[in-house]
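Q: Protein sequence lines correspond, in order, to chains A and B. Residue numbers for the first sequence follow our numbering, beginning at 257 and rising by one. Residue numbers for the second sequence follow our numbering, beginning at 257 and rising by one.
Treat the hints loosely; a few may be bogus.
In this list, chains with the same sequence are indistinguishable; a pair is considered to hold if it fits within one copy or across any two.
As the list claims (entries may be wrong) - With a straight-line Cα cutoff of 30 Å, these simulated DSS-like cross-link-like pairs (lysine-lysine) come out:
id	residue 1	residue 2
1	Lys-367	Lys-265
2	Lys-530	Lys-382
3	Lys-523	Lys-369
4	Lys-324	Lys-265
Hint data in this document are derived by calculation from the structure and do not stem from the laboratory. Source: prediction; values computed, not measured.
Number of protein chains: 2
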Amino acid sequence: MITVEEARKLLLGLVSPLDSEDVPLAEAAGRVLAEDAAATRDQPPFAASSMDGYALQSAEVERHAMFKVIGEAAAGHRFTGTVRAGQAVRIFTGAPVPEGANFVVIQEDVKRKGDLITITDDPGTKPNIRPAGADFRVGQTISAPRVLRPEDIALLAAMNRPFVRVYRKPVISLISTGDELVMPGGTPGPDQIIASNTFGLKALFEGKGAHVRLLPIARDTHGSLRTALGLAEGSDLVITIGGASVGDHDLVEDVAADLGMERSFYKVRMRPGKPLMAGRLNGRAMVGLPGNPVSAMVCGYIFVLPMVRRMLGLETDVSFQHATLAESLPANGPREHYMRAMVENGRITAFGDQDSSLLSILAQANALLMRPPNDPALDAGTQVFYVPL
Amino acid sequence: MITVEEARKLLLGLVSPLDSEDVPLAEAAGRVLAEDAAATRDQPPFAASSMDGYALQSAEVERHAMFKVIGEAAAGHRFTGTVRAGQAVRIFTGAPVPEGANFVVIQEDVKRKGDLITITDDPGTKPNIRPAGADFRVGQTISAPRVLRPEDIALLAAMNRPFVRVYRKPVISLISTGDELVMPGGTPGPDQIIASNTFGLKALFEGKGAHVRLLPIARDTHGSLRTALGLAEGSDLVITIGGASVGDHDLVEDVAADLGMERSFYKVRMRPGKPLMAGRLNGRAMVGLPGNPVSAMVCGYIFVLPMVRRMLGLETDVSFQHATLAESLPANGPREHYMRAMVENGRITAFGDQDSSLLSILAQANALLMRPPNDPALDAGTQVFYVPL
Numbered sequence: 257m258i259t260v261e262e263a264r265k266l267l268l269g270l271v272s273p274l275d276s277e278d279v280p281l282a283e284a285a286g287r288v289l290a291e292d293a294a295a296t297r298d299q300p301p302f303a304a305s306s307m308d309g310y311a312l313q314s315a316e317v318e319r320h321a322m323f324k325v326i327g328e329a330a331a332g333h334r335f336t337g338t339v340r341a342g343q344a345v346r347i348f349t350g351a352p353v354p355e356g357a358n359f360v361v362i363q364e365d366v367k368r369k370g371d372l373i374t375i376t377d378d379p380g381t382k383p384n385i386r387p388a389g390a391d392f393r394v395g396q397t398i399s400a401p402r403v404l405r406p407e408d409i410a411l412l413a414a415m416n417r418p419f420v421r422v423y424r425k426p427v428i429s430l431i432s433t434g435d436e437l438v439m440p441g442g443t444p445g446p447d448q449i450i451a452s453n454t455f456g457l458k459a460l461f462e463g464k465g466a467h468v469r470l471l472p473i474a475r476d477t478h479g480s481l482r483t484a485l486g487l488a489e490g491s492d493l494v495i496t497i498g499g500a501s502v503g504d505h506d507l508v509e510d511v512a513a514d515l516g517m518e519r520s521f522y523k524v525r526m527r528p529g530k531p532l533m534a535g536r537l538n539g540r541a542m543v544g545l546p547g548n549p550v551s552a553m554v555c556g557y558i559f560v561l562p563m564v565r566r567m568l569g570l571e572t573d574v575s576f577q578h579a580t581l582a583e584s585l586p587a588n589g590p591r592e593h594y595m596r597a598m599v600e601n602g603r604i605t606a607f608g609d610q611d612s613s614l615l616s617i618l619a620q621a622n623a624l625l626m627r628p629p630n631d632p633a634l635d636a637g638t639q640v641f642y643v644p645l
Numbered sequence: 257m258i259t260v261e262e263a264r265k266l267l268l269g270l271v272s273p274l275d276s277e278d279v280p281l282a283e284a285a286g287r288v289l290a291e292d293a294a295a296t297r298d299q300p301p302f303a304a305s306s307m308d309g310y311a312l313q314s315a316e317v318e319r320h321a322m323f324k325v326i327g328e329a330a331a332g333h334r335f336t337g338t339v340r341a342g343q344a345v346r347i348f349t350g351a352p353v354p355e356g357a358n359f360v361v362i363q364e365d366v367k368r369k370g371d372l373i374t375i376t377d378d379p380g381t382k383p384n385i386r387p388a389g390a391d392f393r394v395g396q397t398i399s400a401p402r403v404l405r406p407e408d409i410a411l412l413a414a415m416n417r418p419f420v421r422v423y424r425k426p427v428i429s430l431i432s433t434g435d436e437l438v439m440p441g442g443t444p445g446p447d448q449i450i451a452s453n454t455f456g457l458k459a460l461f462e463g464k465g466a467h468v469r470l471l472p473i474a475r476d477t478h479g480s481l482r483t484a485l486g487l488a489e490g491s492d493l494v495i496t497i498g499g500a501s502v503g504d505h506d507l508v509e510d511v512a513a514d515l516g517m518e519r520s521f522y523k524v525r526m527r528p529g530k531p532l533m534a535g536r537l538n539g540r541a542m543v544g545l546p547g548n549p550v551s552a553m554v555c556g557y558i559f560v561l562p563m564v565r566r567m568l569g570l571e572t573d574v575s576f577q578h579a580t581l582a583e584s585l586p587a588n589g590p591r592e593h594y595m596r597a598m599v600e601n602g603r604i605t606a607f608g609d610q611d612s613s614l615l616s617i618l619a620q621a622n623a624l625l626m627r628p629p630n631d632p633a634l635d636a637g638t639q640v641f642y643v644p645l
């Protein structure tokens, strides 16, 4: 059995960054920028007033000075003349500063009577002008790769980038296998349960930027599995769930091998999630996740999300965080253990029952506490690592 | 001018939790559960084997004991007979444990010859059986309200809930105002800039569960603003951006007042974001955000997101986090100041230039460092609060 780290490396070797596509800016949030995006203009494109007031010459600014108001400049409407000695232009926030002026006295420091203003309060030395290009200049870039946040979207808009080059969403096909499974909404027989893994994994992968195809459940026959794998054609990653041990056979592996899969590995020294399988089928990555609901989800976080990130051109390290153990823990066995846990204010507590069938515990957890293989017993107060859920 | 806290209270008073709707489970991730969702069945619905092995009677389990294999139980395919003394049933993970059996000896501890097995290794005392209902029982609930995570989706599937009752998405109409604005992709005149606020805010609000309508830019005329406000009909929240001070008039307020807006407040003791306006127009909440890009986004985080959360039935407190100041900060003025900052490993640094027009600084920031009004100068090492971006 290989280690978690070895498995992750092999899995990452099965996928590559995908090609890119242009999407409209309004749909680019959460997508991954694939090429540096450069500003097509300066912002502001002209020296602009940052306040409402009067634009005039700084040399003339002093208390009790009087000026004649010769015009008005508003956002979108420049004053086309020139401001000369003794003159001022009424100006509003965002308006281009008129020629000749290099200072804006804010309106609160001025008294106006008809066309005349007098500076009544000390206007200070701040000119209240934003120089052209103060925010950014033509050619200034947002660097790829980068998951586009709302702030980036606003900046791309200001840069006048109506379309954005992003990595294509990885297409992942999910196939649940098992005669015991019924889709939610179905009526299970007495020996059956509801298929839950595909729904949880779909939400997980789509939340991280993938597009997920939820394929029909494959029954425990060669024919049914072949049909399902056929429906996965054209996806970047095929994931089967369960079916590793049906009767005395590894059904998924048998069928995949028949179809020409080159196996990369089978079984990882991990808990939950030991019966993980991976390989390449028709040139595409294929992963066989264990069928226990919690094992499937944990493997989704620990193994599949890094693959998604790689396909999206992003860094692939699992981002561990650290917290202080609130309660002691017994020694760990020989497998790397991801324990469902609750972290609050930097303190983490593992749930008592870690049976890999308990989805209810997973839904209460907000962290997977990582125990290295053969980790000794740990006292409360020890620093430990976890993956946030 | 009112305080940030007073403004937030008044804003929250303008909205209420919305009605709810049923959505298919596959589309429920990220939505907010509106009613407790109860399991429609026990999970597992029967005592199930947690391992591959042989089901038999625990009283007979001891090394060297021999059993006759009388049948097989696989996931989805129960063995219908009863296991009696001296008998065993081949069983696989997830299969119902047959009548009469109450222990599963794992296959690694057994030697099989034809129909006979011998226990060759100490099978321990763990029965390797998951009792019926161990994960959850009929009627056990996931409590509302709750933003549904992938783990919840998996659990809801297992509970056989094909549809989920969630809060309807708040519909927010965004109206940029200003003669100076051109949509991304347009060709701005010499006095014009690109509309960026609506795109950033759309991404922000949609990321938090709202549905955003991006309406045409309103020009600085009564007619244009009236048209845009008319297009906002039917939304739960109307947001205008800019236009608070055009020429010598508060254009948005003038038009909104003409249309019958009851004003709640105008101006908040905050930086950036002072010229915030709010009220009720035709029974709906209306917020006028300042036009400076950074001010609009910061007000989106500090004021609008809590309103979105209230409409979604969630808690509305702004969730401040704390970090250690990496560099000293000068005293703050009389307004609560939200400074663009960078937090890394618990240490936070405010950017030097906090001009509210600088989107490029906002896009580099990952936090808004909060300075209370009249906060004294702070030394490096001081604990401060921030809102993550």
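Q: A separate judgement is required for each hint: does it hold in the structure or not?
A: Tested hints:
In this assembly of identical chains, Lys-367 and Lys-265 lie within 30 Å of each other by CA distance neither inside one copy nor across copies; the values are 72 Å within and 36 Å between. Proximity of Lys-530 and Lys-382 under a CA criterion of 30 Å is satisfied inter-copy only: 19 Å between copies versus 66 Å inside one chain copy. Taking the shortest Cα distances, Lys-523 and Lys-369 sit within 30 Å of each other only across copies (27 Å), while inside one copy they are farther apart (86 Å). Neither within a single protomer nor between protomers do Lys-324 and Lys-265 lie at most 30 Å apart by alpha-carbon distance, with minima of 74 Å and 45 Å respectively.
Comparing the model with each earlier hint shows violations of hints 1 and 4; every other hint is respected.
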